[in-house]
Every structure is written in C-alpha cells, then in structure tokens.
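Visitor: This is what each chain is made of:
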Amino acid sequence: MEITVAELAKVLNLEYKGDGSTLIRHACGLESDRPFGISYIENERFYKKAMESSVEVLVCRETVELPEKTLIFADFPDLMIVEITHLLHPAKAFQKSTHSSSQIESDSFLGKDLFIGANVVIGHRTKIGSGTVIMAGTVIGDDCELGENCMIHPNVTVRDDSKIGDRVVINSGTVIGSEGFGFVSHDGLHHKIPQVGYVQIEDDVELGACNTIDRGRFGLTRIRRGSKTDNLVHIGHNVEIGEDSLIVGMVGFAGSTKTGHHLTMGGQSMLAGHLTIGDHVTVSAKSLLAKNVGNGERYSGIPARLHKEWLNAQGYLYRLQRIFEFFKQLKK
Amino acid sequence: MEITVAELAKVLNLEYKGDGSTLIRHACGLESDRPFGISYIENERFYKKAMESSVEVLVCRETVELPEKTLIFADFPDLMIVEITHLLHPAKAFQKSTHSSSQIESDSFLGKDLFIGANVVIGHRTKIGSGTVIMAGTVIGDDCELGENCMIHPNVTVRDDSKIGDRVVINSGTVIGSEGFGFVSHDGLHHKIPQVGYVQIEDDVELGACNTIDRGRFGLTRIRRGSKTDNLVHIGHNVEIGEDSLIVGMVGFAGSTKTGHHLTMGGQSMLAGHLTIGDHVTVSAKSLLAKNVGNGERYSGIPARLHKEWLNAQGYLYRLQRIFEFFKQLKK
Amino acid sequence: MEITVAELAKVLNLEYKGDGSTLIRHACGLESDRPFGISYIENERFYKKAMESSVEVLVCRETVELPEKTLIFADFPDLMIVEITHLLHPAKAFQKSTHSSSQIESDSFLGKDLFIGANVVIGHRTKIGSGTVIMAGTVIGDDCELGENCMIHPNVTVRDDSKIGDRVVINSGTVIGSEGFGFVSHDGLHHKIPQVGYVQIEDDVELGACNTIDRGRFGLTRIRRGSKTDNLVHIGHNVEIGEDSLIVGMVGFAGSTKTGHHLTMGGQSMLAGHLTIGDHVTVSAKSLLAKNVGNGERYSGIPARLHKEWLNAQGYLYRLQRIFEFFKQLKK
Chain A
1 MEITVAELAK
11 VLNLEYKGDG
21 STLIRHACGL
31 ESDRPFGISY
41 IENERFYKKA
51 MESSVEVLVC
61 RETVELPEKT
71 LIFADFPDLM
81 IVEITHLLHP
91 AKAFQKSTHS
101 SSQIESDSFL
111 GKDLFIGANV
121 VIGHRTKIGS
131 GTVIMAGTVI
141 GDDCELGENC
151 MIHPNVTVRD
161 DSKIGDRVVI
171 NSGTVIGSEG
181 FGFVSHDGLH
191 HKIPQVGYVQ
201 IEDDVELGAC
211 NTIDRGRFGL
221 TRIRRGSKTD
231 NLVHIGHNVE
241 IGEDSLIVGM
251 VGFAGSTKTG
261 HHLTMGGQSM
271 LAGHLTIGDH
281 VTVSAKSLLA
291 KNVGNGERYS
301 GIPARLHKEW
311 LNAQGYLYRL
321 QRIFEFFKQL
331 KK
Chain B
1 MEITVAELAK
11 VLNLEYKGDG
21 STLIRHACGL
31 ESDRPFGISY
41 IENERFYKKA
51 MESSVEVLVC
61 RETVELPEKT
71 LIFADFPDLM
81 IVEITHLLHP
91 AKAFQKSTHS
101 SSQIESDSFL
111 GKDLFIGANV
121 VIGHRTKIGS
131 GTVIMAGTVI
141 GDDCELGENC
151 MIHPNVTVRD
161 DSKIGDRVVI
171 NSGTVIGSEG
181 FGFVSHDGLH
191 HKIPQVGYVQ
201 IEDDVELGAC
211 NTIDRGRFGL
221 TRIRRGSKTD
231 NLVHIGHNVE
241 IGEDSLIVGM
251 VGFAGSTKTG
261 HHLTMGGQSM
271 LAGHLTIGDH
281 VTVSAKSLLA
291 KNVGNGERYS
301 GIPARLHKEW
311 LNAQGYLYRL
321 QRIFEFFKQL
331 KK
Chain C
1 MEITVAELAK
11 VLNLEYKGDG
21 STLIRHACGL
31 ESDRPFGISY
41 IENERFYKKA
51 MESSVEVLVC
61 RETVELPEKT
71 LIFADFPDLM
81 IVEITHLLHP
91 AKAFQKSTHS
101 SSQIESDSFL
111 GKDLFIGANV
121 VIGHRTKIGS
131 GTVIMAGTVI
141 GDDCELGENC
151 MIHPNVTVRD
161 DSKIGDRVVI
171 NSGTVIGSEG
181 FGFVSHDGLH
191 HKIPQVGYVQ
201 IEDDVELGAC
211 NTIDRGRFGL
221 TRIRRGSKTD
231 NLVHIGHNVE
241 IGEDSLIVGM
251 VGFAGSTKTG
261 HHLTMGGQSM
271 LAGHLTIGDH
281 VTVSAKSLLA
291 KNVGNGERYS
301 GIPARLHKEW
311 LNAQGYLYRL
321 QRIFEFFKQL
331 KK
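Protein chains in written order, with the working numbering: chain A, 1 to 332; chain B, 1 to 332; chain C, 1 to 332.
These are calculated hints, taken from the structure and not from any lab test. Predicted model only: the values in this text are computed from it and were never measured. There could be a bad hint or two in this list.
Put simply, identical chains are the same to the list, so a pair is met inside one copy or across any two.
[Claimed, not checked] Below, in silico cross-link-like pairs of lysine-lysine (DSBU-like), each with a Cα-Cα straight-line distance of 35 Å or less:
hint, residue 1, residue 2
1, Lys49, Lys92
2, Lys258, Lys163
3, Lys291, Lys112
4, Lys10, Lys92
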C-alpha cells in the first residue's frame, strides 16, 4: 500500500505540516533506514532521536517543532501510529474455510465465518463462536466454549471444559487447562489430587506463546477481561488474575493466588501461592512476592518488599566494603 | 452424580455426625458457594475458615467439633477427599479406539486397549503398553517404549529412543528427548556434540505442561519412580532425578546433575550442572544451588546456602541503614 | 558398529599407544560401565577420574601418561571425540520423502531431497531449501524461507514471514514469529500494537526446545550466525543477538535489545529491554543485566554489576553478623 501524507491526514481527519506529497509505504521505528516510512514520537524525550532519524514523516503532538520533517499531528501519537499501522499493514484476511484435514466431532457447535486450518482437532460438544480463526495443528478438547472473533494460532492446546471469551488471542504452543500440580503426600509417596475444575479466559485477553494455564483443582482458574500475557508464562490452578493486567515474559503464578486489576508483573517474576493481591500492584522483574498486599505499590526483591526499601538495602549492600574497612580500623 | 452423606459414609466405611440425608454432588474448596458440596479440613488451622464456609459437609478427623456442619470422619482427610473426588467426578473414560487420522508405522508394537487420538504419529519399532491413552497431535518417534496405562495429553513430543514406564502422565506441550545443549568451542565457533543418549522416565512419574527433557549426551537422562514435575520445567542432558521428588513450576536442571530421592525444588529455582545432591534436599523458590550437598537440608539464595544462614543475612541486610547511621555518628 | 583401536586410529590418521586390537563400539563418559566404550580427557584435571574409570580407551593429548589405558592421541581431544561419536553413532538418515498426510500449499517452493514428516503443514509461497528435514506435526506459515540442510524437529511452529538460514536446527515445541508483547495503554485499557515485522534466524543457529522468538514490531528480530540456544528461551520483539552466542536454558530477552557477538547468558538470566550490549559479554546464571555495557566483562546480580563487585558484596553480606555483634558491643 502507498499513500501520500496529505491523503493519510485526510483519511484520519488530522492536520499536517510539511510536504503533503511525501509518499508513505510502511510504519516503522525511528531507527529504520528503509525509505517511505512513517514513525512517531510520543514526547520530548525522543526529539534528538527524531532529528537524527532518516524517517521523513512523523506523527507527534501539535506542539512539536521539527522543521526538517513532515509532521502529522495527533493528540495521542502512540494510539494514532497503531491506527496507521493497521491501515498500512492490514492484517491477513482469514476467509471462511474449514480445511479438509481437520478433525471435528459432529456434535460440536460451530458458529459462522470460521477459519479452521489444517489438522485442527475439535472435540465433542465444543462450541466455537462466529468469526473465530483456529490455525493449523491446534487441538481443542471436549465441552469447551470459545467466543467470537478469537485468534487461535497454530499448535495451541485447549483441554476439555475450557471457557474462552470473545476476541481472545492465543499464541502458538500455549496450553490451556493442563492438570494442576496437586499431590497429597503420605509415607513418602505422592498421590495425585484429581483436578476436576476448568479454565476461564475472559473477553479481550491475549496470551503469548508457550503459556501453561492449569485447570482448577475444584472450581476455576480465571484470567479476567483485557489482561495480556507475554511468552512462557505459568499460571497455576485456581489462580485468578484481575482485569487489564500485564504479565511480562516467564512469569510464574503459584496456585490459588487472587489478584486485583491492573497487576503488572516484570520479567521472570513470581507470585507465591494462596495470596490476595490488591489493584494496581507492580512486581519488579526477577522478584518473588510472597505475602498479601493492598493496592497500588511496587514490590521488589526475593522475597519482595516495598520497592523503595529494597532499593535502599541494595544501595547499602554495595557500600559495605567501607563499613568493613572502618570496622578494621576501629578494632585496631 | 448425587449421593447422601449416609450413603457416601457407608460406601467408604466411615462414621459421620450430623444430617445423613444431606445431598452431595461435588467436591470443592472451603471457599466454594455452590450448594451440595463436600470439602475437608486437614487440621485445626482451618477451623475458622470451615465455620465461615457455606459448605455443609466436611471430611475431618474424629476429634473435630463443628456443630453446624455435617462431618464425615477419616484418619487422613486429605487422602479421603482424593478418594471422594474420584467417586463424585469419575475420570473421563477413554474407550479403546484408534483415530482414522493417526499415522502409525506398521512395524510398531501396540498393546491392548489403547486410545490413540486424531493425528497421533507413532514411529518405527516403537512399543506402546496396554491401556495407554495417547491424545490428539502427539508425536512419538522411532524405537521408543511406553509402558502400560500411561496418559499422554495432546501435542506432546516424544523423540526417538525414549523409554517411559507404567502409569506415566505427560501434559501437553512437553518434549521428551530433545537434543542436549552441548558444544565444543574452538576459535570462537561452537561445534555441536552429538547427543546420542536417551531419556528414561520411570513408573508413576507425572510431567506438567511444556517441560523439556533432553536426551543424554552419552547414556541417559533419568527421572526416577514417582517424581512429579509442574509446568515449564527444564531438565538438561544426563541429569538424574531421584524417586518421589517434587519439582515445582519453571525449575531448571543444568546438565549431568544427580539427585537423591525426595528432592523438593521451589518455583523458578535451579540446580547447577555436574552436582551430586543428597536425599530429602529442598531448594527454596528462586534459589540457585551450585554445590554438592548431603541429605536433608533446605538451601536458599543465589548462590544457595543453608536456609538459616540465608535468612539471617537477609535480616541483617534490611537493618543496614541503622548501622550506616551509627557509623556516621561514630565518624563525627 | 564395531572397530578396533588400530583401525580407528588409522581412519582418523592419529597415533595410539596400548593394545591396538581393543574393540570399540560406542563413545561414552568416563563414568560409563558399559564395555567397549571410548571416552576422552581434555586435560590433567581428569587424570584421577580417568584412572578410576572402567573405560579402557581414551582420547587425550600426547603428553598424557595413563599406562593402564589404551590411548589415542589428538591435539584437541574434545573436538576429536565429536568426530569419533559421529563415526560410531552415525546420525539417523532421513531419506527423501514426503508423507502422504502432510499438507503443503501448491504455491510453495520446495527444494530437492527433502524429508517432510506426517501432518507437516507448509503455507503459501513458502520456500524450503534442499536437504532440509521437517519432522511430524511441524507447522510452517505463509511467505517463509527456510535454507538448506535444516533440521526442524516435530511440533515446531514457524509463523508467517520468518526467514531461516542454512543448517539451522530447531528443537520441538519452539515457536518462531509469535506476536510481540506490545500494547499502548490509555484510560486503563491496553490496545494491541500490530506486530508487522518478522524473525530472521541466520545460518548455523541451533534452537532448543520450547523457545519463543517473537516477530519484530516493525522490522525484524534477529539471531545471528552460529548462535545456540538451550531450552525454554524467550526472545522478545526486535531483539538482535550477535554471532556465536551461547544462551543457556530459561533465559529471557526483553524487547529491542541488541547484543554483540559471543554473548554468554547463564541459566535463568535475563537482559532488560532497549539495551546495547558489547561483544564477549557474560551474564551469570539468575542475573538481570539492565544497563548498556561494553565489551568483554562478566556481570552478576539483580540488577547485575561487574561480577567482582557482586562477589565482593555477597561476601560482606554473609559476614554482617560479625559487624552487628561488634556494633552491639560498641553501643554498650
């Protein structure tokens, strides 16, 4: 696709400044050296990078002055570049089709306008909402419910009884509804506790690649509306994650922990089991939060404390040498 | 399924106290608000939670007094609730069948009463024991041996030469027998060391979802009888894990480490390579044990020390501010 | 395969000392107790282990004295044992074949001498170079390019637009080209940023099992020539990893970080996002490097500092008790 700055501004109902005839073919980062790109700057911190960039067209706030660039003005440049990216790089269209190699039980309930790829398996009594895309190699068990307009990437596994809302995205390799890690130990032997619950993924959740989300022991494991996970995230049985949470790569949730909304988990961090966590809580990368906490704080460390306390202690840790030297002198 | 307390107690040969006509339909946690549930309390710590719970029927020891509840008495309530869960929620029956879409080499050796799901692939000369269930999309290579009554979930990968015992459970996404990470580096280039060994998984082992268990470089990687792994666990080449170990989520084992029995690894913990670890060792969540240790201790930290030493040092770490303030005064 | 020491030495054009008629059937570690093995020692550190070993034939440098063993001399015993392992345990031959159950789009471009396993899916316009092996259950999307002599294990997922070089190895469960974790948050809601880039894996890269490598947001995510990853590694969008790097198990790379060549990442370590990392950098196991660094140093800790600084601080941490006791005395 190719469009001029003037045409693009018109389509988006935005003002621009500079050469309206400049051609745009793709959205890009400031570091791009491919011609015909459009990028954006969110705020003043990126001025210098923008001036040094070879990208000629930028989306920015109206207050920005960059005389050598052609500028398109938007109140929220980061949201606008998302819209422009969609426009310039329209998502692949999945046309209604069911691959001849798919294996679909005849007692399943299929909505309209589905795309079902090669070797997809769909179990007994499972319902798939209209407009959903299920790519090659994905296996969906019995008695599941998938909502409308979901995007299930290749080689996903959805085990029996899982409930999945509308517009849910699941990347490849992810497993929904695996057996939870529950054993009763007697006389040194571990007896499996039957995991008879299920998983509920609410609307607008997006899951990265190779996530593992265990079914409830009893009851359910739940990821609430709008939450997003990165890759290789592990969610234990009976966990409940609040709305609009952001779970970065390689995070672990031990069993039965319930969190509020807008949880942010940094890379490779972890929540211990059986916790109650408030809203708007942040756990720093690599940290292990192991106690109940209320709303709105950031926690760091192993085990995690308030971020400021942790930062303070780390600072002292690296000044210990001085203390020890002073201590030697005192002893003398 | 529906049963009265009196009937259930009779089936299990147990005593009860309270209204024997109370109906039970499902096993549940104390927090459940669905009617007709049965739960349990293991000990006195759960008295308060039990009294506040809306669950009417509880399994507990005979010494427990909860006048408002109907009680079923058992010596080991946690084991008994497992039995009751099996009774109320019988596991899905997998009837003997081989899906028409499965791809099974004609020189494989198949036992009796197998369930082989859609798109399952079974390689040359591979033996599958009787009663084993292999779900959709699973790929089993050449020259493998699977025992009897195994439960292999969908989209599992078992590479050539793997040996798997009886009653083994493997959750989805797990890979058995991948190539170990072994390279010889010369002049800045890394040359692959052929990984010509195999994996042996002994009887009654259960593996979570998205585990990766590398084949031996030479010889074998072994998980001994009765051990259980949670999700996203990594086991390097030539590791040997002792009997009845519990490996929680996201744990890593570097190559060639051998452990005793009843190892417990906390979430996101790690064992370094080439170690010898005793029996009944515990490694705390997030910790890295990097030295040989004997029997029966708990280790914490990065690198891990005896848990008490680590706890002690952490305590001092968060009291350093005081020391520094005192130090300032002294200097004056 | 069976060969005498004399024959093997002749084939490899090496000298030997001891009984040339000794039979060899397999390469092994020094701890092996199977007869007819050949092992090696790289240097003097393994003398004692070699003497105690029941393995009769060893590859070693010419300077080694082990009178009870039969020795084959090589300048680089570790490289030579690789060659010998290949000789004694020839890799499985994959004969040119395309399984009847594979689903290959008719507008794909297939090279010569391919092995394509059961249920493999290959998308539109995808090119596969000659001699490449694609094992059962692997799904390759549209518009991909795979080079020559690649080895793609079962149940791998390669998403649309991925570019993969020659002689690349990808172990099972790995996902190439998943969507990056990119969201714009406004008024508490997270809006997906379209991820319109791709992944480029250069020649001679080898990827472990269950890796997740996200496509670029714009532009590409790149793993350069000769780099190797272990299992369960996560590589975020727009990361670039330099040549000949070694990425051990369970390592995470946050988005947009660029590294030099010969990076070494220890187990469960992590690089934060948007960093620039020099050549020959090492990050210790469990550490989080969160700042730009130049060439050639080792970093440890959370966040990571120069390894020596970290080691120093850890040392003091475990001597704090003494300081606190002295502090108490002083106060008195």
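Visitor: Now tell me if each hint is right for this structure.
Guide: Consistency of the hints with the structure:
Taking identical chains as interchangeable, the C-alpha atoms of Lys49 and Lys92 lie at most 35 Å apart only when both belong to the same chain, with a minimum of 32 Å there against 52 Å between chains. Taking the shortest Cα distances, Lys258 and Lys163 sit within 35 Å of each other inside one copy (19 Å), while across copies they are farther apart (39 Å). In this assembly of identical chains, the alpha carbons of Lys291 and Lys112 never lie at most 35 Å apart, being 47 Å within a copy and 50 Å across copies at closest. Taking the shortest alpha-carbon separations for Lys10 and Lys92, only the intra-copy value of 25 Å comes in at or below 35 Å, while the best inter-copy value is 59 Å.
In summary, the one numbered hint that this structure violates is 3.
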